[in-house]
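*Asks:* Below are the chains, spelled out letter by letter.
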Amino acid sequence: MHQSRVARNIRLGIKTLLLHKLRSFLTTLGVVFGVGSVVAMLAVGEGASAEALERIRKLGSDNIILDSIKATEDVQSGSVRSRISIYGLTYDDEDRIGRTFEAVKRTVPVKLVRKEGRLGDRTLEVRVVGTSPVWFDLVRREVIAGRLLGAEDDHGSTNAVVLTEYGARRLLATENSIGQTLRIGGGYFEVVGIVRNEVSSEGVQVPDEEVDAYIPIHVARGMFGDYVVRRSSGSREQEFVELHQIIVQVRSTEEVAATAAGIEAMLARFHKKMDYKVRVPLALLRSAEATKRTFNIVLGSIAGISLLVGGIGIMNIMLASVTERTREIGVRRAIGAKRGQIISQFLIETVVLSSVGGAIGIGVGALIPWLITLFAGMPTVVTAYSVVLSAGISLAVGLVFGLYPAVRAANLDPIEALRHE
Amino acid sequence: MKAPPGARPPRGAAPAGQGAAAVVSLREVAKVYRMGEAEVSALAGVSLEFAAGSFTAIMGPSGSGKSTLLNLLGCLDRPTSGSYFIAGEDVSRLDDDQLSEIRLRKIGFVFQSFNLIAQLSVRENIELPLYYQGWPHAESMKRAEELAGIVGLGGRLEHRPNQLSGGQQQRVAVARALANDPEVLLADEPTGNLDSATGVQIMDLLRGLNEQGKTIVMVTHEPNIAAYAAARVHMLDGRVDRIEE
Ligand SMILES: Nc1ncnc2c1ncn2[C@@H]1O[C@H](COP(=O)(O)OP(=O)(O)OP(=O)(O)O)[C@@H](O)[C@H]1O
Ligand SMILES: [Mg+2]
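For the protein sequence lines, the chains are B and H, in the order given.
Those letters in the first sequence? Residues 125 to 545, per my numbering, in order.
Those letters in the second sequence? Residues 126 to 370, per my numbering, in order.
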């Protein structure tokens, strides 16, 4: 019976509000925008951190990625027609990092080789990564066909090569290509597997983007050496780079920051120029959090102001309603309604108003992130939690801003109220 | 209709037990309104008894305290001094919630300007006292139908008040006042907003209710309306001037 009484009270409240449809609707707008901002804010924040987590998943949260970069002074002073630039990470660097830092679990060398590749009738320039089998442990890559590089490939009699999905597509390789011979430069390799490679997304460059194949590093070194010849617009440029990248895996995420700092200090000591870059995927989380904070401040202020204005709007309308309905209040009191019953009647009306506003606001709030994703390309996630929170907020706005008008209604003197014109 | 409403002029409380079945009795009731410095004495030393089943009209010039008296009888207000018993219970010292409860259970009001609630249907208006009493919806709906039948509006249950004539609205108000089966029905100029023919219909309705045993106290300044009552209390300057039976 009690249940139906509540339902009846709400029904009567709605009925009263529907007497002034436009007014009631306009009154809810503040709550609509306030709640909308809350949902949108949380969706953007959630999207940013989900994206950060995704980036970290791609790169490994306990990894530090060192890249060789061509120092700027080398690039500028290219007046000689043919010259050698020597730069980047070395085998010694990798070795030293592995030996010096206790927190370092293992290191993975990455050497990029660009050679002509031929599979069957197809010939094109391929980008090959020379690395150790551990690579596949660090960056989990799904095997599409065949197998990954293993320890045996380091010393095996035949040279093994694993194609990426990307490379397989370029070379027109299929599952049937397993066991076939791929010529890279002057060397012969047996295709042992095909793996899926990650695609880089905005802000995250995965180490094997646009890489066609993987081969064991010492095979790469032995067969192709450390010289790279680049021809560009008639000039011939030679580079000497030992390693293009070193991936350092740290024992635990807590030790990542300190280890990265240590590695930076060490590299600074052994390198005369800044021909390397240290990237810490975990740091991406921090930038994501910064984005989240910015959005929280901006949308949070909008939400707060809208809710305040919305709440005051509701309060204002309810006060007007109390004045308008003074006589009704007098009649109800004369009939025997207690103060508390008058309070609950008006509170129900305000809560209905704010809840309807909240419901519309949740709809609007789900639409805004969708538009943000559509036009700004920012990832957003509307969570159930944000919807529940917003529903709670709109309820609270109704209660807080409805209380004063309701108490005022209840405190009217019945006789005065009955005499009111 | 024989037991006349007992009432004693000025001084001296109406002796207890004078009207054996007095539902409502006032003893030396005074009501003083404060308006800043000034004090307005709206009622002074009023002692009255209203017997069960009586029909009393309160008359007097404007400002003589009729409405003030009726509001006290209806527990809308508390006397400044004196005591007020309704069905044997002293209500002059009750707090707001307790007074509401007395109004809810023991009093029915009919107003000059009908005072129906505009957004509610006839049925919902009549149900209102039952709603506040916490009646189950199905039962209060049935009771509202019965009451609408009694006042002759059985076919208008789903109408809105503004779809009814003044006389019909006042009938709804009477039905609403009867919903809680009150000890006493209070009416402040119930015909004041009606033309004389419609007024007569309302008075016939009230007389019928009184004949069935309902205690009625009515304020009016129209002698022909007051004639429906068995007794007339004449007020003057906040006092009972004389009682005519
Ligand atoms: N709330 C109030 N504050 C101050 N004075 C009041 C108040 N209510 C009534 N009075 C005064 O009390 C006196 C009695 O008023 P009351 O309304 O009872 O008169 P009445 O007999 O009903 O008159 P009418 O026939 O005009 O309705 C009047 O002098 C009035 O001015
Ligand atoms: Mg009056």
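Careful: at least some of the hints might be erroneous.
Below, in silico cross-link-like pairs of lysine-lysine (DSS-like), each with a Cα-Cα straight-line distance of 27 Å or less [unchecked claim]:
1. B:Lys139 <-> B:Lys194
2. B:Lys462 <-> B:Lys239
3. B:Lys229 <-> H:Lys267
4. B:Lys229 <-> B:Lys462
5. B:Lys139 <-> B:Lys462
6. B:Lys139 <-> H:Lys267
Everything labelled a hint here was simulated from the structure, so no lab data went into it.
A quick note: this is a predicted structure, and the numbers were derived from the prediction, not measured.
*Asks:* Where does the structure disagree with the numbered hints, that is, which hint numbers, in rising order?
*Replies:* 1, 2, 3 and 4
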